[in-house]
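Trainee: Protein chains in written order, with my numbering: chain E, 168 to 286; chain B, 1210 to 1323.
These are calculated hints, taken from the structure and not from any lab test. Hints are all accurate, no fakes.
If you anchor each label on the Cβ, the simulated ranges turn out as follows:
1. E:Leu241 x B:Glu1273: 32 to 40 Å
2. B:Gln1254 x E:Gly228: 23 to 31 Å
3. B:Pro1249 x E:Lys181: 22 to 30 Å
4. E:Ser221 x B:Pro1227: 42 to 50 Å
5. B:Tyr1238 x E:Lys187: 33 to 41 Å
6. B:Arg1318 x E:His174: 24 to 32 Å
7. B:Pro1249 x E:Val267: 24 to 32 Å
8. E:Gly183 x B:Arg1318: 32 to 40 Å
9. B:Ser1261 x E:Glu254: 40 to 48 Å
10. B:Ser1223 x E:Lys233: 44 to 52 Å
On the chain B side, residues computed to face chain E include the following (Cβ under 8 Å):
11. Lys1251
12. Gly1252
13. Leu1255
14. Phe1313
Nothing here was measured: the structure is a model prediction, and the numbers come from that model. We put the beta carbon where it would ideally sit given N, CA and C, even for glycine.
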Amino acid sequence: GAVVSQHPSRVICKSGTSVKIECRSLDFQATTMFWYRQFPKQSLMLMATSNEGSKATYEQGVEKDKFLINHASLTLSTLTVTSAHPEDSSFYICSARDPVGTGVMQPQHFGDGTRLSIL
Amino acid sequence: AQSVTQLDSHVSVSEGTPVLLRCNYSSSYSPSLFWYVQHPNKGLQLLLKYTSAATLVKGINGFEAEFKKSETSFHLTKPSAHMSDAAEYFCVVSGRDSSYKLIFGSGTRLLVRP
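Kindly produce the complete structure, drawing on both the sequences and the hints.
Mentor: In structure tokens:
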């Protein structure tokens, strides 16, 4: 079945550094990918929609300069957390929309998430 | 605007007994609804989806859900719980704009007692 690979699975770094998270669709091409943030014991919050070859669309309240998204190819989207601080610590999950089917019938496949811890 | 409400933050059942996870939706038009499962520190796996076809939807691992328009509900059920079913479950509605964004409920943690 369709697989989305997210890397790294866990990262610990010092405050002020930038961290890049990769999301790859392994056996399909994804023109649209999504980035979510999940706080402990809470639901997923959509951060942005990543569109191949164009700028990402950010949800209200998400700082685009803080969370840089690049979707340069049909199989890869990256999320860079710039100048990370402890409050950015969270679980980040990506998903990729499978082009099979149309509209809402196109399934979203999720990565296994990245646990980001900023010291 | 569309939204989903999961009525229980935690549900605890004994192994071998039925599972019921409740979800109510709000939508101004016929919604597309999903149930996803998340195991600890993992991404999400689709259990089943409703997209205006049959109202009783069968999913993986013995789960099913029934769309009831009159009650605006989409409850998830399973006849007999297994220990491996212990996880977080999310009821999700899809947006209708061109991006078809997913809107997540708050989640229900299912605990299965031996």
